[in-house]
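*Asks:* Here is what each chain is made of, one letter per residue.
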Amino acid sequence: MIRLDGVGQVFDGREGRVTALEKIDLHVRGGEFVTLIGRSGCGKSTLLRLIAGLLPPTSGAVQVAGEPVTGPRRDVSFMFQRPALLPWRSVLSNVMLPVEIDKGTGDRGKAAYRDRAHQLLELVGLQGFERRLPHELSGGMQQRVSLCRSLIRDPQVMLMDEPFSALDALTRTELSEELQRIKMELSTTIVFVTHSIEEAVLLADRVVVLTPRPGRMREVVDIDIPRPRSLGQNAHLTEVAAISGQLHALLAEKESGEVRPVDEVRPR
Amino acid sequence: MTRRTMPRRTWLTDSPVAAVVLPIIGLAVAIGLWWGATIAFSIQPYLLPSPWDVVVKFFEQPGYLLQETGTSLLETIEGFLLAIVIGVPIALVIVRSVVLERLVYPLLLMVNSIPKVAIAPLLVIWMGFGQWPKVVMVLLMCFFPIVISTAQGMKSTPTELVELMRSLNASRAQEFFKLRLRYAMPQIFTGFKVAISLAVIGSVISEFVGATKGLGYVIQQSGASADTTLAFAAITLLSVMSIVLFYALVLLEHWLLPWAREKR
Ligand SMILES: Nc1ncnc2c1ncn2[C@@H]1O[C@H](COP(=O)(O)OP(=O)(O)OP(=O)(O)O)[C@@H](O)[C@H]1O
Ligand SMILES: [Mg+2]
Chain Z
1 MIRLDGVGQV
11 FDGREGRVTA
21 LEKIDLHVRG
31 GEFVTLIGRS
41 GCGKSTLLRL
51 IAGLLPPTSG
61 AVQVAGEPVT
71 GPRRDVSFMF
81 QRPALLPWRS
91 VLSNVMLPVE
101 IDKGTGDRGK
111 AAYRDRAHQL
121 LELVGLQGFE
131 RRLPHELSGG
141 MQQRVSLCRS
151 LIRDPQVMLM
161 DEPFSALDAL
171 TRTELSEELQ
181 RIKMELSTTI
191 VFVTHSIEEA
201 VLLADRVVVL
211 TPRPGRMREV
221 VDIDIPRPRS
231 LGQNAHLTEV
241 AAISGQLHAL
251 LAEKESGEVR
261 PVDEVRPR
Chain W
269 MTRRTMPRRT
279 WLTDSPVAAV
289 VLPIIGLAVA
299 IGLWWGATIA
309 FSIQPYLLPS
319 PWDVVVKFFE
329 QPGYLLQETG
339 TSLLETIEGF
349 LLAIVIGVPI
359 ALVIVRSVVL
369 ERLVYPLLLM
379 VNSIPKVAIA
389 PLLVIWMGFG
399 QWPKVVMVLL
409 MCFFPIVIST
419 AQGMKSTPTE
429 LVELMRSLNA
439 SRAQEFFKLR
449 LRYAMPQIFT
459 GFKVAISLAV
469 IGSVISEFVG
479 ATKGLGYVIQ
489 QSGASADTTL
499 AFAAITLLSV
509 MSIVLFYALV
519 LLEHWLLPWA
529 REKR
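Taken in sequence, the protein lines are chains Z and W.
Numbering of the first sequence is given in our numbering, commencing with residue 1 and proceeding in unit increments.
Numbering of the second sequence is given in our numbering, commencing with residue 269 and proceeding in unit increments.
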């Protein structure tokens with residue numbers, strides 16, 4: 001579904017050139033859930049933006065659904081770390097924004113999407129809040145709205161950039177479980193960036209570990225724990241903990257003999 | 269010791285009734301002090317008339333004074349609207365092009381820095397004694413804050429929202445109308461609110477020179493005949509006009525931008 005071949009990204013920053021990504025070869029199968037972990041500034045967001053077509057790679061090729069990526073695609077949705085809701089729009093019309101922007105949808109189509117929006121809002125426990133404005137909701141609720149928005153057009157691919165990192169532990173667990181349910185139901189392909197090793201293990205079919213700047217593929221770890229997984233009562237705690245430990249070691253360990261680049265630039 | 273970082277919320281801060289009553293009390297106290305001073309120091313009316321004198325003066329010729337108020341009001345509103353019609357598009361253009369911004373900004377600054385009183389006579393020479401020099405003066409007064417605040421507002425769009433629109437494949441027009449302009453509205457309104465008070469000042473200045481109508485003219489005439497009380501009546505009408513216009517904008521904003529209310 002997603003194919004990255006020898007992808008690299010170099011930024012011409014104010015303080016010199018920054019190599020954000022180097023030699024990324026990654027193949028994500030249809031319906032697969034891949035999580036990306038790595039130190040802050042290692043290029044995770046950049047990688048997602050490349051797949052989303054928000055940024056052309058400086059080297060290598062990016063393909064989605066067998067076609068080279070030239071710009072944002074209709075069947076790919078992006079979810080950000082922050083809710084990114086338009087403050088003057090109600091919950092419902094925020095969810096409907098992607099439909100509204102896509103001029104190809106007729107009135108009948110719109111009505112169907114509106115039903116779908118209500119369905120999604122119900123799914124994430126926001127029924128009754130359709131007419132509220134974003135500032136009337138908590139951060140967790142706003143992020144749920146954002147999740148509904150990224151699901152409204154039944155995307156084939158969802159790119160998620162630390163979507164739950166600003167939430168409290170409980171909400172986060174809830175939303176992770178919801179996401180798994182949605183994913184199993186819709187068989188969406190998901191690339192999910194996170195700082196939390198546990199979250200990465202809990203959600204993923206495969207975890208991709210990136211090295212610190214420049215970001216390279218350090219390791220790809222398969223996770224064979226049966227779904228649905230949970231950190232709650234019927235916990236897969238032991239399995240998750242075992243793999244987490246392994247990933248932790250991978251993240252912490254310096255690559256042998258590697259000299260850190262001189263032109264290294266502080267994160268923005 | 270604990271410090272309160274948030275202002276305490278009470279009936280006085282939250283009730284809509286208090287929102288109306290408090291300004292009235294503030295005004296009443298100020299007028300009371302004024303009145304008290306005129307009595308306590310037995311100040312001559314030609315130096316400082318008492319509030320009562322001013323009210324009496326108004327009712328000696330209410331029709332005439334209201335008519336002059338109407339003249340000034342019309343100039344103010346016309347000039348203000350013209351400033352919006354010209355200023356907002358200029359701001360939008362400036363924001364889109366760095367080159368144009370660099371070309372135009374110093375010019376705008378220069379025009380704004382001219383003392384407006386100094387060009388009032390020139391406007392009369394250029395445009396005659398009619399309404400135009402007045403409207404143009406109002407325009408010159410409120411043009412700058414409108415341009416600046418609109419440009420500022422258009423630049424304040426959060427990058428994450430821009431990125432969102434991009435990821436949804438929004439066209440430039442959609443990004444502009446559905447995001448940037450909407451996001452700028454509260455700041456644009458801030459500019460309007462600054463501008464409307466300046467607009468009133470502009471109309472008075474322009475009526476000092478080559479005018480036969482308007483509250484500015486009344487003030488000037490009353491100066492010539494040492495009728496301080498009449499001047500005060502006109503000034504009072506001016507400030508009432510200014511306040512009414514300001515709150516009209518506040519109400520309009522409240523109604524148009526309900527989402528911006530809770531930003532505090
Ligand atoms: N537009 C840009 N211009 C210049 N440099 C950039 C740009 N975007 C990202 N970078 C640089 O590229 C590197 C990777 O950034 P990126 O945002 O992808 O990291 P990240 O892994 O998402 O970090 P975090 O975990 O903190 O979100 C950083 O060093 C950053 O400074
Ligand atoms: Mg990031």
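FYI, nobody ran anything at the bench for these hints, they're computed from the structure.
Among these hints, one or two may not hold up.
Claimed, not checked - The calculated lysine to aspartate or glutamate pairs, modelled on EDC-like cross-linking and capped at a C-alpha distance of 20 Å, are:
no.	chain 1	residue 1	chain 2	residue 2
1	W	446	Z	102
2	Z	103	W	346
3	Z	103	W	443
4	Z	110	Z	100
5	W	446	Z	100
To be verified - To give a feel for the contact side, a few chain W residues facing chain Z, derived at Cβ under 10 Å:
no.	residue
6	393
7	426
8	433
9	435
10	439
11	442
12	446
13	447
14	450
15	451
16	453
17	507
18	527
This structure is a prediction, so every number in the text was calculated from the model and none was measured.
Each residue gets a CB set at the ideal place from its N, CA and C atoms; glycine is no exception.
*Asks:* Compare the structure with each hint and give your call.
*Replies:* Structure-based check of all given hints:
The straight-line distance between the Cα atoms of residue 446/W and residue 102/Z is roughly 13 Å, inside the 20 Å bound, and the hint therefore holds. With a C-alpha separation of about 39 Å, the suggested pair residue 103/Z and residue 346/W falls outside the 20 Å cut-off, and the hint is violated. A threshold of 20 Å between alpha carbons decides the hint, and for residue 103/Z with residue 443/W the separation of about 14 Å falls inside it, so the pair holds. For the hint pairing residue 110/Z with residue 100/Z, the CA-to-CA distance comes to about 8 Å; that is within 20 Å, so the pair holds.
For the given pair, residue 446/W sits about 10 Å from residue 100/Z by alpha-carbon distance, which is consistent with the 20 Å threshold. Annotation: interface hint on residue 393/W violated; nearest CB of chain Z at approximately 47 Å, more than 10 Å. At its closest, the beta carbon of residue 426/W sits 8 Å from a beta carbon of chain Z; the interface hint therefore holds under the 10 Å criterion. Checking residue 433/W against chain Z: minimum C-beta separation of about 8 Å stays under 10 Å; hint holds.
Checking residue 435/W against chain Z: minimum C-beta separation of about 4 Å stays under 10 Å; hint holds. Annotation: residue 439/W was flagged as interfacial toward chain Z, and the flag holds, the nearest CB pair being 8 Å apart, inside 10 Å. Taking 10 Å as the C-beta contact cut-off toward chain Z, the hint placing residue 442/W at the interface holds, the least distance being around 6 Å. For residue 446/W, the interface hint holds, since its Cβ comes within 10 Å of a Cβ in chain Z; the closest pair sits about 7 Å apart.
Because the beta carbon of residue 447/W sits about 7 Å from the nearest beta carbon in chain Z, less than 10 Å, this interface hint is met. Below 10 Å, beta-carbon pairs count as interface contacts, and residue 450/W has one with chain Z at about 6 Å; its hint therefore holds. The interface hint given for residue 451/W holds, since its Cβ lies 8 Å from the closest Cβ of chain Z, which is under the 10 Å cut-off. Because the beta carbon of residue 453/W sits about 8 Å from the nearest beta carbon in chain Z, less than 10 Å, this interface hint is met.
Of the supplied interface hints, the one on residue 507/W is violated, with its beta-carbon coming no nearer than about 34 Å to a beta-carbon of chain Z, more than 10 Å. A hinted interface residue such as residue 527/W counts as satisfied when its beta carbon comes closer than 10 Å to some beta carbon of chain Z; here the least separation is about 4 Å, so the hint holds.
Of the hints listed earlier, those the structure fails to meet are numbers 2, 6 and 17, in rising order.
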